Amino acid sequence: MNVSQFFKLEIKRNLNLALFLSIGFAFLFGGAIVYSIYQMDGPFQPRNVSGLYAGIATVALGVYCSKIVIADLHYGTIYLLFTSARDRIVFLVSRVLVISIVSFMFGLGCAALLYVNHALNGQPFSAGDVGNAVLQYVLFGVFFTLLFQVISMVYQKVMQLLILSLVTILVLPGLLGIVFQVEAIPEFVKDFVAYAPIYSLPNQLPFLALDGMEMTLTAVVSLLLFVFAFKRLPKIDY
Amino acid sequence: MSVEMHKLSKTFNRQELALSEVDFTLRKGEVVGLVGPNGAGKTTLMKIISGIIVQYDGVLTFRGEGRSVGSLIEKPKYFPNKSGRYNIDYFHSLFGGDDEHFDEIIESLGMASYLKKKVKDYSLGMKQRLGIALALISNPDYLVLDEPTNGMDPDGIRHILGYLKRLAKEKGIGILISSHILEDIESMSDRVYVIKEGRIINEYARDQHDREVLELTFSEGDLHQALHVLEAYEGVTRSGQILSVPFAGDMKQVLKHLSQNDLFPIDVKRKKDTLEDFYFQNMESEAK
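Protein chains in written order, with this note's numbering: chain A, 979 to 1216; chain B, 1309 to 1596.
The following block holds chain A by itself, in its conformation from the complex (with noise of 0.2 Å):
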């Protein structure tokens, strides 16, 4: 096995034309905000253009985190990758590689539409921006992968996993706010709901505000989840 081979056919086979058309249309929505401060020194602040660039990249990176897991399922590729333990071992790996690529590239994406903002209207930026920008959008690309993973080891219908991952991604959060709005409902569970990385993940991000205990919470679900699927993803029927 040439496992280099191997990794660099997966990343070009992902990192692909739609890859930078939707990191393109999310620097340009986000830009939108950097031309309204430039132009009437608006009242906006950096948190307000990477929430903007988040609108979509954080959409797009939703889908590539359930297509980068079901696509094999879809061209019926799974037959040829799961052959043998080892194989699909290779395949969880790659796809959690993958995603990190392509996460950085959104984080990326973020951190140089910042960057434009502080050239142009003279905003707070800082290189410790950058590395924050790559390292939420990083978390939230594994995160969300390893979890439509797993969902997909146990439920293999690609267009209803499709729906799913985007109602995790842009529903799910927002009726898990409802509990913070509720009396009722005891604060333990509320600080559970606010630190879970299906909550905290899609409605901190657009910030960049996840703090550092959300993100150690995030990446050792991340660990946890990826443990699971190691150990399991062998024993499964395709």
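Simulated from the structure, these hints should not be mistaken for laboratory data.
Incorrect hints may appear among the rest.
As the list claims (entries may be wrong) - Computed cross-link-like contacts, DSS-like style, restricted to lysine-lysine with a CA-CA straight-line distance of at most 25 Å: (1) B:Lys1390 - A:Lys1135; (2) B:Lys1424 - B:Lys1390; (3) B:Lys1383 - A:Lys1045; (4) B:Lys1390 - B:Lys1426; (5) A:Lys1045 - B:Lys1428; (6) B:Lys1390 - A:Lys1045; (7) B:Lys1564 - B:Lys1577; (8) B:Lys1428 - A:Lys990; (9) B:Lys1383 - B:Lys1426; (10) A:Lys1045 - B:Lys1435; (11) A:Lys1209 - A:Lys1135; (12) A:Lys986 - B:Lys1424; (13) B:Lys1428 - A:Lys1135; (14) B:Lys1383 - B:Lys1504; (15) B:Lys1425 - A:Lys986; (16) A:Lys1213 - A:Lys1045; (17) B:Lys1560 - B:Lys1577; (18) A:Lys986 - B:Lys1426; (19) A:Lys1213 - B:Lys1315; (20) A:Lys1045 - B:Lys1426; (21) B:Lys1390 - A:Lys990; (22) A:Lys986 - B:Lys1428; (23) A:Lys990 - B:Lys1425; (24) B:Lys1435 - A:Lys990; (25) A:Lys1135 - B:Lys1383; (26) B:Lys1504 - B:Lys1315; (27) B:Lys1428 - B:Lys1383; (28) B:Lys1580 - B:Lys1564; (29) B:Lys1560 - B:Lys1579; (30) B:Lys1473 - B:Lys1580; (31) B:Lys1383 - A:Lys1213; (32) A:Lys990 - B:Lys1424; (33) B:Lys1425 - A:Lys1045; (34) B:Lys1390 - A:Lys986; (35) B:Lys1425 - B:Lys1390; (36) A:Lys990 - B:Lys1426; (37) A:Lys1045 - A:Lys1209.
Said to hold, decoys possible - Simulated coverage check for chain A against chain B, where a stretch passes if three residues somewhere in it have a Cβ under 8 Å from a Cβ of chain B: (38) 1055-1063; (39) 1203-1214.
All values derive from a computational prediction rather than experimental measurement.
Note that beta-carbon positions come from the ideal geometry of N, C-alpha and C, so glycine has one too.
Got chain A sorted already, so can you dock chain B onto it with the hints?
Leaving out everything else, chain B in the frame of chain A:
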């Protein structure tokens, strides 16, 4: 060196029995056919050998060296928006194997001039060839092929079946092949398993290819007695008023035996025992 199944059963959703206590052997270097009606369990059996289905009851054993399996199950699998070259490179890099082997597959399957095209633009037959190439790319010890010649023209079918047969003999690959075209299966298989409702109901061996059969038509009145008299011959089957009697050697002996019992068939036909006959005899006898 072989892959063996012993009392292998598979149930889906805890109720639907797809395979029931199947005993099955595929040796390296031989071609084994698998025939049966739709839903008989062929695909499930192939998926188990290929490692796609891993939860089952019973024992699956790979004896001797080499346990890699290449497969083409249900239909060819590939990335349709990528070129043939990309698809082959992708799985080649995953499974490894030397480049010489890789080039030989491309050449033998007549794919060289199609590699730059996107696979979605391939004809059905060419997609099928790609499926076979991807099954072979890992340089497997065993090859599992479900309807591999689907959509191919007659020349293509002959070419592919000949190539597969050579692979088995020259490279010692064990091939399990299924098809609804019984002639194809018969022409290339050393043995054929007949599967129905998840059970292997009979096995058709190579030596049966050369066996002849007497088809004797009797009147209603003689039929029962004729059946009784012919019990001495192994493998006699009945279809309506026709009794099929496999024989090796002189057919006169069979007829003499009948005449000694005052039995005279209305019609006598001598023919080769084909897989098709064997298949339908087994399906009919199972139905009864």
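message = Are any of the numbered hints broken by this structure? If so, which, sorted upward?
response = none
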